[in-house]
Structure formats: structure tokens, C-alpha cells
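**Student:** The chain contents come next:
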Amino acid sequence: MGKTVLLIEDEPNIIEAVSFILSRDGWDVKTHANGHDAMDAVRRRGPDLIILDVMLPGKSGYDILSEIRADGDYAAVPVLMLTARGQTRDREMAERAGASRYMTKPFSNADVLDAVRALAGT
Amino acid sequence: MPERFMIGTRIRERRVLAGIRQTDLAKRVGISPSYLNLIEHNRRRIGGKTLLRLAAALDVEPSLLSEGAAATLVSGLREAAGAADDAAPERDRAEEFAERFPGWAGLVTEFYRRNQEMERTIETLTDRLAHDPFLADSLHEVISAVTAIRSTSSILVETEELEPEWTARFHRNINEDSARLTEGAQALVKYLEAAPNRDAEVQSPQDEMHAVLGARGFHFAELEREVAGPRAVARLVRDEAARGLSGPAQTLLGAVLTRYLEDARALPMATFLARLRTLGPNPARLAEATGAGLAQVFRRLAAMPAAEVGPVGLVICDASGTLIFRKPIEGFSMPRLAGACALWPLYRALAQPLAPLRRRVRQAGRGGEAVEALAVAGPEGPGGFDRPAPVRAHMLLLPDPGAARGAPEEIGVSCRICPLAACAARREPSILAEGF
Chain A
1 MGKTVLLIED EPNIIEAVSF ILSRDGWDVK THANGHDAMD AVRRRGPDLI ILDVMLPGKS
61 GYDILSEIRA DGDYAAVPVL MLTARGQTRD REMAERAGAS RYMTKPFSNA DVLDAVRALA
121 GT
Chain B
1 MPERFMIGTR IRERRVLAGI RQTDLAKRVG ISPSYLNLIE HNRRRIGGKT LLRLAAALDV
61 EPSLLSEGAA ATLVSGLREA AGAADDAAPE RDRAEEFAER FPGWAGLVTE FYRRNQEMER
121 TIETLTDRLA HDPFLADSLH EVISAVTAIR STSSILVETE ELEPEWTARF HRNINEDSAR
181 LTEGAQALVK YLEAAPNRDA EVQSPQDEMH AVLGARGFHF AELEREVAGP RAVARLVRDE
241 AARGLSGPAQ TLLGAVLTRY LEDARALPMA TFLARLRTLG PNPARLAEAT GAGLAQVFRR
301 LAAMPAAEVG PVGLVICDAS GTLIFRKPIE GFSMPRLAGA CALWPLYRAL AQPLAPLRRR
361 VRQAGRGGEA VEALAVAGPE GPGGFDRPAP VRAHMLLLPD PGAARGAPEE IGVSCRICPL
421 AACAARREPS ILAEGF
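Chains A and B supply the protein sequences, listed in that same order. One point on numbering: in the numbering used here, the residue at position 93 of the first sequence is 93, and numbering is uninterrupted. One point on numbering: in the numbering used here, the residue at position 67 of the second sequence is 67, and numbering is uninterrupted.
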């Protein structure tokens, strides 16, 4: 274990809860709360896995995902997208942008853990 | 009028069904193809002898063309059969069915028509819900709070031997989020209850008109032709009327298309695009080069096909600030129900007519991207000595020019969903709770 996950999300209480459950699961959790410089945070933290909210202040999660996929160093890092919408259109957008997995809010902690473990195993 | 309307349509239908070309049929009947074309489009009244000759050439009873109850019924049945998924109607026996059971056949076509209408209504409603910025933002707020509460509460329940300081902290978070959830949910209920006369709103003439413009991408090739005149506008409006556009919306569409036609005459597309290629999407230089006003150049830019000029948005308001024309652009929300944000350059231009301004702006809130806004206000028409010309403001929206134009100004969509905290222009509180 001891792998790093970067959580990019702007709701402080969601950050706290998700950080808590992932830390308990043995992850080193780093967080970032806005879209503007999310890519800088990715480069600075060099995470093994990224959890990315779609609705962020400053920049949309889809754009950030495209930047991640376009970056040679991080193109292959698994990304779990979080969004408040679950329509097919959004799912398609996430898949087209290169999301490894997609999760709709509200989610259960068990779902997050399962998804993160599955992505880490790949 | 309705009878005349139908004869031509029926003649065309019969001719197509028989697989005869327009020119051939015209020759057989002894009239010119262009005259037949006018007849088929119900634009010429048709005399008794011509009707008899046409019926003979088409090998049908003249009454079928002149009365045509069965013919319209049959085409209605064919249309309904075309939309059938599982049912397998006997398509080749539609005429027989219409003839033997006109009542039942009428019922089938009426059901089909009503079904079509309902599908359109559902589409309109879905579209409204999906694009209502109030609903989208307040739902997002509620879902965020629910997500935080769900996650936090299950930590409290499921984690064994949770340290007391963590327990206290999570309790506090849940308390905070539930307060936020309450506010958000109340605001949502209030908003939905307060929406005045929702039935009428779905079909507001403004929305209907914008739906027509949107479906055409705000570009009308018919009005770009050199020979296009008021008749082309009338034809477009008539076509939409036949598709169910309401009377008031027809008036609005007619006015917008008439102005489109005037703009297209003043700045023909081919030369305008050529200028655009040399000068770039720079309205000031385009106006200088063509001698047209800035507002007209804005409208022209917004009327070009997206394939030629990329995304271009345009908002026009009248002197009351009401948005009377909205062409959307990615990254910039325009309210359709209530007044827009008073910080929009559109309104600043309105306060200072004839002084164009250009700003890089970003709508505060989640996921807002910067766009470039160019605005100008001025009188529409010459006005008179007893009454000044009404003033209108135009705001052109172009994709973000980048940081070179300076940091973007923070503006909003509309106060109710705006997170800007200290705003001198605020006119009502936001329904978004301050999360942090």
C-alpha cells in the first residue's frame, strides 16, 4: 500500500469524508479544491490514482481530464470521475474524455472503496 | 383557402405515388412545368378543365383530387404506419382501409397526430428542465449536501472505535450539511411553486421563436440568396406556421427574419466572409471596412454558419433590459425566466449608448469559463420629434481570447443562483447557501 490518491473536489465535507475512508484503507490522500490549477496539482503530487469531480470552480472536470490524458507522464493514471448527474449523455462525455470509471453522486462509501481498489489493481 | 391548399398537395402526392416526373405530367396535361409546380405548392388556383385533365393523366377520379378526403386519410395512415415499431400494418391496403372504414381510419390518424404533438411537448419540457440554470444549480447544491451527509453518516455508523475528535468533527459536518440541505430544498420547492403559469411558459412565443432559430443554427440560407426578398421571409414563417408555430411567435419570427434579410442585404455573406478572413473576427475593423454599424456586424457574425466562424453568441436587450434575442455560446449561461445579471457588459453599454466596450468576463460559480464580450447600444431607427427612437443593446460573445486580454471580470447569470458575495449590483439574495 502507501499509494497516493489525489482527490480534486470542491465540497469541503465530501473531501473530509472521502479522505477519511481512503486513509483508513491505507491510501496517502492529497486534496485539491479548484479547477484552475488542478493540472499543476497533478504534476506536483504525482498520484497513482485521481478522483475528479466534474463540477469544479474555474474549470470543468472534463477539460482537466483531457489535460491529464494529453500529458505524457499522467496519460495512463486511472481517473475516477464524480458527478451529480447520471444521464447517459454525461457518462458518454466522461468516457470520451478518457475516464477510467464514472460514479454518480450521491454514492456510498463502499462504492468508492470498491472503485478505487479495482482501479488500483489494474 | 384550406380546400385550395389541399388540391395541390394531393396532386403532388398522387404524381409521386405514380412515379411520374413533374415535367412529364405537365407535358401530358399541356401546361408548363413551372405552372404545375406552382399548382402543386398550392400557390395557383386550379381550374375545372386542368383538374379533369390532371385526374385523367394520373388515372384517378377527379373527386379524389378535389375532395380528397380519402387521399388525405391514406397519407395520414401511411405516415402513422411509417412510425410503427412492432405493429405490422398492411401498408399496401391503406386505401382499402380508408375507403371501407373511414371512421376508424380517421381515429388512427388522429391518434397518431396527437401522439406526435405530445412527443413534441415532452421534448420541449425536457429541454427546458435540462437547460434551466436555476434548477441545475440548486439541484447540484442539494445533491452535494446529500452526498456529504451520506458519506459522513455511514462513516459514523460503520467505523469501529472512531476517535472522539473525529466523531465530533463528523457530527458537526452533518449538522452543517443538513442545514444547507434544508435551505437548498426549501429554495427549490419555493422556486417550483412560484413559477407562474407554467403551461403558458412552456409555449411562450419567445421560446417558440428561439426554438425555430436554434433548430436552424441561427442561419437561413434562403435569406442569403441575392434574390431573397420579403416573400422568402413570408415563406419561412408560413412553413413554421404549418408545423404549429403559434400566431404571436410567427410575428416575432417574421420580425427577426426581416431584420436578418436587411442585414444580409447590407452585408452579403460571400464578401462578409472574405473580409472576415482578412480582418479576423474583429467587429470594429469589419464595421470600418464595410461602413455598417457595430450592432449590424454583430448580428451578421452571429448569423454565419458555425463551420465558417466558429462559436459566436449574441444577446440583444431592449431598453427595459429584457433579453429579446439569445443565441447561446458554450460557457455562458443566459437566463430565460428572469432578469439577467446587472454586471453584464450588455447593460453597461445600455447605460452609455454609442460607447462600445470589450471585456473578458467569467460567470461566477462552478465550471464557468471566460468568454470575450463586446457590447454596444444605440437607437433602433430614426425616431421622431415627438418620440425618440427606442434604444437596444447588443452583446457579442466570442470564445476566450486568453490571458492577454487581462484577468476576467467576475459576473453572474442571475442573482438567485449567483455565488458572488459582495456585489453592489445584487437585487435579491441567492438561493445558493454559502458552503465555505
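Misleading hints may appear alongside valid ones.
Stated by the list, open to error - Distance windows between CB atoms, simulated:
hint, chain 1, residue 1, chain 2, residue 2, range
1, B, 126, A, 66, 52 to 62 Å
2, B, 311, A, 75, 19 to 29 Å
3, B, 189, A, 66, 33 to 43 Å
4, B, 270, A, 121, 40 to 50 Å
5, A, 66, B, 280, 23 to 33 Å
6, B, 278, A, 117, 55 to 65 Å
7, A, 43, B, 311, 26 to 36 Å
8, A, 118, B, 131, 29 to 39 Å
9, B, 128, A, 117, 36 to 46 Å
10, B, 239, A, 121, 51 to 61 Å
11, A, 118, B, 280, 29 to 39 Å
12, B, 115, A, 75, 32 to 42 Å
Please keep in mind that the hints were generated in silico from the structure rather than gathered at the bench. Ideal Cβ placement from N, Cα and C applies to all residues, glycine included.
**Student:** Now tell me if each hint is right for this structure.
**Tutor:** Cross-check of the supplied hints:
Take residue 126/B and residue 66/A: their Cβ atoms lie about 28 Å apart, and the range 52 to 62 Å is violated. Between residue 311/B and residue 75/A the CB atoms are about 28 Å apart, so this pair conforms to the stated range of 19 to 29 Å. A hinted range of 33 to 43 Å holds for the C-beta pair residue 189/B and residue 66/A, which are about 38 Å apart. Roughly 60 Å separates the CB atoms of residue 270/B and residue 121/A, a value that falls outside the hinted 40 to 50 Å.
Between residue 66/A and residue 280/B the CB atoms are about 26 Å apart, so this pair conforms to the stated range of 23 to 33 Å. Evaluation of the 55 to 65 Å hint for residue 278/B and residue 117/A yields a pass: the beta carbon distance comes to about 59 Å. Checked against the hint of 26 to 36 Å, the pair residue 43/A and residue 311/B passes, with Cβ atoms roughly 30 Å apart. A hinted range of 29 to 39 Å holds for the C-beta pair residue 118/A and residue 131/B, which are about 35 Å apart.
Restraint check, residue 128/B to residue 117/A: a C-beta distance of roughly 41 Å satisfies the suggested window 36 to 46 Å. Remark: the range hint 51 to 61 Å for residue 239/B to residue 121/A is upheld by a beta-carbon distance near 59 Å. Under the hint 29 to 39 Å, the C-beta atoms of residue 118/A and residue 280/B, about 50 Å apart, miss the expected range. Distance hint check: the CB atoms of residue 115/B and residue 75/A are about 49 Å apart, inconsistent with the given range 32 to 42 Å.
When each numbered hint is compared with the structure, violations occur for hints 1, 4, 11 and 12.
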